[in-house]
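Here are the chains, one letter per residue:
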Amino acid sequence: MPVAEVRPYLVTRNLPHFWCPGCGNGVVLSAVARAFARLGLDRTQTVVVTGIGCFGRADDYLNVNAVHGTHGRALAIATGIKAVNPSLRVVALMGDGDCATIGGNHFLHACRRNLTITAVVSNNLNYGMTGGQYSGTTPAGSTTSTSPLGHAEEGFDLCRVAAAAGAMYVARATVYHVHLLDRYLETALTHQGFSMVEVMSSCPVYFGRYNRLGGPVEMMEHWRKVAVPLEKYWELPAEDREGKVAIGVFQDRPGIPFEERYRKVQEAARGARAGEVTER
Amino acid sequence: MAERVEFWQGNEAILEGALAAGARFYAGYPITPSSEIAELASWRLPAVGGVYLQMEDEIASMAALVGASLAGARAFTATSGPGFSLMQENLGLAIALEVPCVVVDIQRSGPSTGLATRPAQADLMQARWGTHGDHPAVVLAPATVQDCYDLTMRAFELADMLRQPVILLGDEVIAHARERVVLPGSPPACAGRPEPACPPEQYRPYAGGPDGVAPLARFGSRYVFHVSSSMHDETGFPNAQPENAARVIARLHEKIARHAADLELYRTYHAEGARYLVVAYGAAARAARAAVEEARAAGLPAGLFVPLVLWPFPARALARAAADAREVLVAEMSYGQLALEVERILHRDVAGINRYDGEMLTPEEVLAGLERVLTPCP
Ligand code: SF4
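One line per chain: the protein sequences are Y and U, in this order. Under our numbering, think of the first position of the first sequence as 1, with each following residue one higher. Under our numbering, think of the first position of the second sequence as 1, with each following residue one higher.
Some hints here could point you the wrong way.
What the hints assert, rightly or not - 25 angstroms max Cα-Cα, derived DMTMM-like pairs, lysine to aspartate or glutamate:
hint: 1; chain 1: Y; residue 1: LYS244; chain 2: Y; residue 2: ASP157
hint: 2; chain 1: Y; residue 1: LYS244; chain 2: Y; residue 2: GLU259
hint: 3; chain 1: Y; residue 1: LYS264; chain 2: U; residue 2: GLU243
hint: 4; chain 1: Y; residue 1: LYS264; chain 2: Y; residue 2: GLU242
hint: 5; chain 1: Y; residue 1: LYS232; chain 2: Y; residue 2: ASP252
hint: 6; chain 1: Y; residue 1: LYS264; chain 2: U; residue 2: GLU39
hint: 7; chain 1: Y; residue 1: LYS264; chain 2: Y; residue 2: GLU154
hint: 8; chain 1: Y; residue 1: LYS264; chain 2: U; residue 2: GLU56
hint: 9; chain 1: Y; residue 1: LYS244; chain 2: Y; residue 2: GLU218
Claimed, not checked - Coverage of chain U stretches by chain Y, computed from C-beta distances (three or more under 8 angstroms per stretch; other residues unrestricted):
hint: 10; stretch: 21-30
hint: 11; stretch: 71-82
hint: 12; stretch: 229-241
Calculated directly from the structure, the hints in this document are not laboratory data. We treat Cβ as the ideally placed atom computed from N, Cα and C, and that holds for glycine.
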């Protein structure tokens with residue numbers, strides 16, 4: 001896609017971005033900007049909401065309406081925006097800390113509530129901004145700055161959680177699988193109801209270094225090697241799934257989004273008490 | 001339209017006041033003694049094209065309020081002490097983003113679950129200092145059911161005018177009491193929040209005008225804008241320069257200080273020349289008023305000062321009312337939070353009339369407090 005078409009969606013004066021060299025966040029950000037450009041989104045009708053952390057800074061570079069909120073609350077803020085103005089396109093950009101950890105409860109309920117919001121999760125498997133501590137998706141056994149002896153907990157499989165909680169569209173790619181990522185983002189952004197795209201991202205500075213995954217290039221290689229298409233993943237013997245990451249579309253189903261259901265509630269409420277309400 | 005008289009519960013009057021003020025969004029999490037507000041909102045709001053959302057917790061509720069307000073809705077929530085604690089994080093977000101909204105806190109006993117649902121007035125300092133950082137607070141406190149209606153409307157007006165969350169600090173007694181409420185014949189027109197008029201490329205969401213308040217655009221309007229919980233400059237984008245941070249924090253405070261006259265709201269009873277001045281708000285003010293009337297009937301020169309805006313406290317009015325007082329007594333349903341503020345303003349010791357056992361303060365207790373200062377213990 002020509003750069004000229006993407007540029008209107010970028011705050012070019014804030015570039016280059018502040019992420020470390022080799023960070024996967026730049027890949028995710030450019031995929032998001034490309035998706036906006038491909039869909040020709042009206043910037044006045046688009047709102048991006050972020051939380052805190054490395055990927056929480058993504059809004060600094062996107063030239064649409066934006067809220068940089070509090071840690072973990074991007075989806076709760078997005079919920080208020082979408083609920084009062086359903087014609088807006090609302091996108092929440094979060095890291096695994098925001099989405100799966102401090103914001104886990106909001107994430108579950110956003111999936112269930114089913115407002116047409118797209119969540120894009122850049123999952124680098126740790127807290128980069130605060131120095132590489134473990135998060136809700138850090139795999140068991142990994143080394144982080146707060147699990148120096150190996151992480152004792154299991155990480156969430158965010159896509160399976162989202163699908164079980166009722167999200168309409170759920171897909172996972174990695175920063176290596178950019179074409180896949182482009183396709184998933186476009187589908188998510190045009191889907192009715194809650195959609196989520198998870199992107200396995202590289203944090204060479206913390207997660208990569210602590211777990212001896214090599215530099216930026218080796219981390220890209222890592223994602224290429226461990227990613228297995230979803231259908232194949234389940235065919236693997238259980239012991240071979242260890243360390244692998246399933247990529248693909250986990251859920252894609254039609255459904256009635258919240259906005260539509262709530263319109264019915266509004267009509268019913270109007271009908272029931274029309275007299276009394278208009279009087280006041 | 002003719003004036004109308006209703007017989008409402010405090011919580012009902014708050015909801016009706018919000019609707020009359022043009023509120024169209026409620027996000028909350030049920031908690032006694034505020035639940036009636038949520039229950040009524042769940043069908044009254046959709047009937048006027050608004051939205052009621054029951055969120056997963058109070059943290060999410062407050063966050064949703066911020067989002068809804070940015071999208072242009074007059075937004076509110078209602079809670080009680082434990083829920084109010086959870087809201088503090090995103091109350092700070094609303095202050096930092098300068099997003100108008102109204103938070104109703106119907107106080108109940110604490111700490112923690114306390115005597116759940118029993119009356120208390122111990123969130124006064126939480127309302128002022130609950131969220132972290134240097135920030136101003138605007139807090140109104142109804143003492144009657146009529147106040148519940150009127151002050152809720154006023155809260156929305158102030159929120160828009162100041163671009164600041166406004167807290168309505170009620171209590172269980174006022175929330176559940178039923179009283180006569182007179183509704184104005186023609187509802188006062190709501191001005192709504194000022195919107196920018198400049199060309200979109202010139203819009204700066206944090207360029208405070210002469211009164212320190214910048215007009216706030218709505219997501220979905222022709223303005224594309226950015227708001228950030230991080231320290232930001234006039235453009236809304238992060239700016240970590242110390243000079244900028246100092247300017248922003250000062251402006252947040254000054255925009256409230258500049259509107260001090262609009263914010264002064266209080267009532268006095270026999271305060272002129274009173275030798276014994278009682279200070280009380282909310283439910284305690286009701287008991288205090290009965291006690292002061294009785295004391296007057298018995299020839300004791302007692303008076304009462306009732307702040308209706310608690311933060312910023314109507315300090316000059318209190319100083320005037322207390323000018324001739326030999327004794328100042330603060331009657332409250334807490335161990336002594338209001339007393340701290342009164343002492344700070346008057347630079348003198350006050351006598352406390354306190355109740356913190358989950359029961360309402362009675363007129364007899366206030367009267368006993370007055371008698372105690374007349375005949376000090378040996
Ligand atoms: S700390 Fe990790 S996630 Fe954060 S910018 Fe650096 S490489 Fe990226």
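We went through each hint and held it up to the structure:
A C-alpha spacing of about 12 angstroms is found between LYS244/Y and ASP157/Y, which places the hinted pair at or below 25 angstroms, so the restraint holds. For a cut-off of 25 angstroms, the pair hint linking LYS244/Y to GLU259/Y is broken: about 37 angstroms separates their Cα positions. Note on LYS264/Y and GLU243/U: the hinted pairing is violated, with a Cα-Cα distance of about 51 angstroms set against a maximum of 25 angstroms. Using a Cα cut-off of 25 angstroms, the hinted pair LYS264/Y and GLU242/Y is violated, with the two alpha carbons roughly 47 angstroms apart.
Restraint check for LYS232/Y and ASP252/Y: satisfied, since their Cα atoms lie roughly 18 angstroms apart, inside the 25 angstroms limit. A C-alpha spacing of about 18 angstroms is found between LYS264/Y and GLU39/U, which places the hinted pair at or below 25 angstroms, so the restraint holds. In summary, the hint linking LYS264/Y to GLU154/Y is not supported, as the alpha carbons are separated by about 42 angstroms, beyond the 25 angstroms threshold. A distance of roughly 22 angstroms separates the Cα atoms of LYS264/Y and GLU56/U; the hinted pair therefore holds under the 25 angstroms criterion.
The suggested pairing of LYS244/Y with GLU218/Y holds, with an alpha-carbon distance near 16 angstroms, which does not exceed 25 angstroms. Counting residues of the stretch 21-30 of chain U whose CB falls under 8 angstroms from any CB of chain Y gives 3; the rule of at least 3 is met. Residues of the stretch 71-82 of chain U lying with their CB closer than 8 angstroms to a CB of chain Y number 4, which satisfies the three-residue condition for coverage. Restraint check on the stretch 229-241 of chain U versus chain Y: 4 residues with Cβ-Cβ distances below 8 angstroms, three needed, restraint holds.
The earlier numbered hints that this structure contradicts are 2, 3, 4 and 7.
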